[in-house]
Amino acid sequence: GAVVSQHPSRVICKSGTSVKIECRSLDFQATTMFWYRQFPKQSLMLMATSNEGSKATYEQGVEKDKFLINHASLTLSTLTVTSAHPEDSSFYICSANVAGIENEQFFGPGTRLTVL
Amino acid sequence: AQKITQTQPGMFVQEKEAVTLDCTYDTSDQSYGLFWYKQPSSGEMIFLIYQGSYDEQNATEGRYSLNFQKARKSANLVISASQLGDSAMYFCAMRELETSGSRLTFGEGTQLTVNP
Chain S
272 GAVVSQHPSR VICKSGTSVK IECRSLDFQA TTMFWYRQFP KQSLMLMATS NEGSKATYEQ
332 GVEKDKFLIN HASLTLSTLT VTSAHPEDSS FYICSANVAG IENEQFFGPG TRLTVL
Chain R
328 AQKITQTQPG MFVQEKEAVT LDCTYDTSDQ SYGLFWYKQP SSGEMIFLIY QGSYDEQNAT
388 EGRYSLNFQK ARKSANLVIS ASQLGDSAMY FCAMRELETS GSRLTFGEGT QLTVNP
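As given, the protein sequences belong to chains S and R, one line each in that order. Each step along the first sequence adds one to the number in the numbering used here, with nothing skipped, and position 101 is 372. Each step along the second sequence adds one to the number in the numbering used here, with nothing skipped, and position 34 is 361.
Heads up, a few of these hints could be off.
Stated by the list, open to error - Partial selection, computed: residues in chain S whose CB lies under 10 Å from chain R:
1. F305
2. S314
3. N374
4. P380
5. R383
What the hints assert, rightly or not - Every beta carbon over 12 Å from chain S, so not counted as near; a handful from chain R, in silico:
6. Q341
7. T347
8. Y352
9. D382
10. N385
11. S392
12. N403
13. D413
14. G428
15. T440
Keep in mind the hints are simulated off the structure, nothing from the lab. Just so it is clear, CB atoms sit at the ideal spot from N, CA and C, and this is done for glycine as well.
Given only the sequences and the hints, what does the whole structure look like? Please build it.
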């Protein structure tokens, strides 16, 4: 199956700093990628849909100025958590699907963010 | 209303036995897809099985089968011959192709523990 990578896998930062997480589709082009957040023992919650070459679509309640998404190419989407606070500590996971193939969606391995 | 409901927060099964994980869904779309993912403690999302709304036969993938009952809007996952490595969180997800495109909506998950 197709491969999606995420970097970094784990990051610890100080409160107030910004953290960038990269999501790459390694062997296919992804016009659309998705960013999820998962708190411990909870489900995945969609934060935003990242569209190549256009603005991301954010879910209700997700601050677009805090979670900046850039989808500059068909293989790369980035999520930047700006001015991170301890409550932003979570597991962030991206996914992508191959256009026109509806029975698969490929997930990255996730990034565990800890804000001190 | 919840779009995906998993009513079993936790399930226990003896090694080598079969187990059914429940999932019900709610959609007005005629065209939709149902997914099951496994999430071990490492956090990665492992795709298990897919069922399209127009598929007449229940999907099967090795030890995994999906008991799709369209009229009841249920898509239960059956794992046969459980193995210790099956212990993980299991998520049911739905893609509503008409209203939501490629995005997935996840249930709350079921934590499966396989006992030796």
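Hints, verified against the model:
With a cut of 10 Å, the hint placing F305/S at the interface with chain R holds, because the nearest CB-to-CB distance is about 6 Å. At its closest, the beta carbon of S314/S sits 5 Å from a beta carbon of chain R; the interface hint therefore holds under the 10 Å criterion. A distance limit of 10 Å between C-beta atoms decides the matter here; for N374/S the minimum to chain R is near 4 Å, and the interface restraint holds. Contact between P380/S and chain R, as hinted, is supported at the beta carbon level, the nearest pair being about 5 Å apart and thus within 10 Å.
With a cut of 10 Å, the hint placing R383/S at the interface with chain R holds, because the nearest CB-to-CB distance is about 7 Å. No Cβ of chain S comes within 12 Å of the Cβ of Q341/R; the nearest lies about 24 Å off, and the non-interface call holds. Against chain S, the non-interface label of T347/R holds: every CB pair exceeds 12 Å, the least being about 20 Å. The beta carbon of Y352/R sits about 14 Å from the closest Cβ of chain S, which is more than 12 Å, so the claim that it is off the interface holds.
Under the 12 Å C-beta cut-off, the non-interface status given to D382/R relative to chain S is violated; the minimum distance is some 9 Å. Here N385/R stays apart from chain S, with its beta-carbon at least about 14 Å from theirs, past the 12 Å limit. Distance check on S392/R: its Cβ is at least 16 Å (rounded) from any Cβ of chain S, clearing the 12 Å threshold; non-interface status holds. The non-interface label for N403/R is consistent with chain S: the shortest C-beta to C-beta separation is roughly 18 Å, beyond 12 Å.
No Cβ of chain S comes within 12 Å of the Cβ of D413/R; the nearest lies about 19 Å off, and the non-interface call holds. With a least beta-carbon separation of about 8 Å from chain S, G428/R fails to lie farther than 12 Å from that chain, contradicting its non-interface assignment. Residue placement check: T440/R keeps its beta carbon more than 12 Å from all beta carbons of chain S (closest about 14 Å).
Comparing the model with each earlier hint shows violations of hints 9 and 14; every other hint is respected.
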